[in-house]
Amino acid sequence: MNDVVHLPALWIGIGATYLVVGATVAWVLGRRGVRSAVAVSALGCWPLLLPLLSAGPPPSASGPLCDRIDRCAEDLRSTMSDPRAESVVVVEDLDELVADLHRADQRVGMVDALVVDVRASSGDAPGLAALLAARARAAAEVEAVVQGMVELRLSIGLRSLAGNTVPVQERLGDLRARLGALDEITEFDLGRTL
Amino acid sequence: MDRKTSLLDTCAALIRDPVGLGRDDPRRVLHDHGPVLLLIALASAAIFGGVVGTYRGGLQLLYASIKLPLLWVVPVLVTLPAVRAFHRVCGIEVNYGQVALAVLVGCARSALLLAVASPALWLLFSVNVDYHWAVLVLCGSVLASGAVGLATVARVLPGSGAAKVLANALAALAVGVVVAQSGWVLRPFVARPRADVAFLRPVESNVFASTLASWRSARGRYDGWDARPEGLLATPPALAKETP
Chain A
1 MNDVVHLPAL
11 WIGIGATYLV
21 VGATVAWVLG
31 RRGVRSAVAV
41 SALGCWPLLL
51 PLLSAGPPPS
61 ASGPLCDRID
71 RCAEDLRSTM
81 SDPRAESVVV
91 VEDLDELVAD
101 LHRADQRVGM
111 VDALVVDVRA
121 SSGDAPGLAA
131 LLAARARAAA
141 EVEAVVQGMV
151 ELRLSIGLRS
161 LAGNTVPVQE
171 RLGDLRARLG
181 ALDEITEFDL
191 GRTL
Chain B
1 MDRKTSLLDT
11 CAALIRDPVG
21 LGRDDPRRVL
31 HDHGPVLLLI
41 ALASAAIFGG
51 VVGTYRGGLQ
61 LLYASIKLPL
71 LWVVPVLVTL
81 PAVRAFHRVC
91 GIEVNYGQVA
101 LAVLVGCARS
111 ALLLAVASPA
121 LWLLFSVNVD
131 YHWAVLVLCG
141 SVLASGAVGL
151 ATVARVLPGS
161 GAAKVLANAL
171 AALAVGVVVA
181 QSGWVLRPFV
191 ARPRADVAFL
201 RPVESNVFAS
211 TLASWRSARG
221 RYDGWDARPE
231 GLLATPPALA
241 KETP
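Protein sequence lines, in the order shown, are assigned to chains A and B.
Counting from 1, position 38 in the first sequence corresponds to residue 38 in the numbering used here; the numbering is continuous, with no gaps.
Counting from 1, position 121 in the second sequence corresponds to residue 121 in the numbering used here; the numbering is continuous, with no gaps.
Please note: incorrect hints may appear among the correct ones.
[To be verified] Pulled a few chain B residues facing chain A out of the computed Cβ check, cut under 8 Å: (1) P26; (2) L77; (3) I92; (4) Y96; (5) A100; (6) L104.
[What the hints assert, rightly or not] For each label pair, taking beta carbons as the anchor points, the in silico distance ranges come out as: (7) A195/B with V21/A: 30 to 38 Å; (8) R16/B with S121/A: 42 to 50 Å; (9) G20/B with V118/A: 29 to 37 Å; (10) V21/A with V148/B: 26 to 34 Å; (11) A162/B with D82/A: 33 to 41 Å; (12) D196/B with I12/A: 21 to 29 Å; (13) P193/B with A99/A: 50 to 58 Å; (14) I15/B with R71/A: 23 to 31 Å; (15) W27/A with R192/B: 38 to 46 Å; (16) V21/A with R192/B: 32 to 40 Å; (17) G157/A with G161/B: 53 to 61 Å; (18) V21/A with L200/B: 17 to 25 Å; (19) P64/A with G161/B: 37 to 45 Å; (20) V148/B with A133/A: 50 to 58 Å.
Hints listed in this document are in silico derivations from the structure and should not be mistaken for laboratory results.
All values derive from a computational prediction rather than experimental measurement.
Heads up, the beta-carbon is just placed ideally off N, CA and C, and yes, glycines get one too.
Please take these sequences and the hints and turn them into a complete structure.
What follows is the structure, given as structure tokens:
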């Protein structure tokens, strides 16, 4: 290793400026409460993460029940894939149900953000009560479907003990249909109220 | 894409459906998946660099593993505003977030493909291939995966018709030139088996003249290697020690 390269001042200046800007961007992102991995990434690759500096935190993709949905789905998935459960593995059906649940949950989250925004700007607007009622109904329905997933898990356990027939696929289909009906119920309720 | 995805899920999405990553809000995807995509790009390029370093072995293995990720990410960071400018000049409305996300997805995907191709390169280097052919194979690999990356960027970004083709051709030209010259500045990646190991060589000549000289040498004509310090960032001759 006898080949030493002396860096000209220009290289050092450019590098130092880049790092200072990166540290500033990372600091600003950190203060806005972004994940630490994002802030650390900004140290070296801040040009890619500059869009996150624009006003407001990044829009969240999750609803209020997001963690619970993920937890229940994970539990049900592990129960279904347990070889001792002798269950029919229908991972695709479960994935579709979980995706539907997240979509419904995200809509509830969007309504929550909307309500906060409207209350801050215009107080209790006339249509707010109807929106809140519809939101409560939608959230309850999502909760009921999540509870249905827990019951399905128990049924699979019962089947492994008593040999009962549990139509897992049909039960998942029922839960999806229940979520699908949510839109129609909400539309009917709003039509009656407004 | 689902909110929670593992590293493996993101790799699968990059290979199967990179456009799907760009469908969501760019700020949200950058926030949720940006670090993972960066990690994939850097780690994949480091794996490929390690394989390239095996041609010389020893310390070059480490040096190439450090420099390949730089080669893959730095030009992308530098040309980001140019890519957006070319699209806007061609009448395609894109915001900075869309461009950043598209470029990050393209970068990660192309680096991942390089990592996937690494075993084949390793096999080739293990049969004592000639140095100049090794350099050309490296250039070819980088060119092929870079083309895939640019095609991915084009697919993720909006627009259609001749304007999109022109905007992406201009972007590809700008990124290509910057990647090529960055590679030249960061060389050597493939060091000669009996050469001394060096992290960087003094900046001299340019990448295009060198590739032509390598092509001539691969065909048995060893001329055109007279190089001299050149460019804004070239090390002044008085400061750089003589290389053997």
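Hints, verified against the model:
{"no.": "1", "hint": "P26", "result": "holds, 6 Å"}
{"no.": "2", "hint": "L77", "result": "holds, 5 Å"}
{"no.": "3", "hint": "I92", "result": "violated, 17 Å"}
{"no.": "4", "hint": "Y96", "result": "holds, 5 Å"}
{"no.": "5", "hint": "A100", "result": "holds, 5 Å"}
{"no.": "6", "hint": "L104", "result": "holds, 5 Å"}
{"no.": "7", "hint": "A195/B with V21/A: 30 to 38 Å", "result": "holds, 37 Å"}
{"no.": "8", "hint": "R16/B with S121/A: 42 to 50 Å", "result": "holds, 43 Å"}
{"no.": "9", "hint": "G20/B with V118/A: 29 to 37 Å", "result": "holds, 33 Å"}
{"no.": "10", "hint": "V21/A with V148/B: 26 to 34 Å", "result": "holds, 30 Å"}
{"no.": "11", "hint": "A162/B with D82/A: 33 to 41 Å", "result": "violated, 57 Å"}
{"no.": "12", "hint": "D196/B with I12/A: 21 to 29 Å", "result": "holds, 25 Å"}
{"no.": "13", "hint": "P193/B with A99/A: 50 to 58 Å", "result": "holds, 54 Å"}
{"no.": "14", "hint": "I15/B with R71/A: 23 to 31 Å", "result": "holds, 29 Å"}
{"no.": "15", "hint": "W27/A with R192/B: 38 to 46 Å", "result": "holds, 45 Å"}
{"no.": "16", "hint": "V21/A with R192/B: 32 to 40 Å", "result": "holds, 38 Å"}
{"no.": "17", "hint": "G157/A with G161/B: 53 to 61 Å", "result": "holds, 58 Å"}
{"no.": "18", "hint": "V21/A with L200/B: 17 to 25 Å", "result": "holds, 24 Å"}
{"no.": "19", "hint": "P64/A with G161/B: 37 to 45 Å", "result": "holds, 43 Å"}
{"no.": "20", "hint": "V148/B with A133/A: 50 to 58 Å", "result": "holds, 52 Å"}
Checked against the numbered hints above, the structure breaks hints 3 and 11 and satisfies the rest.
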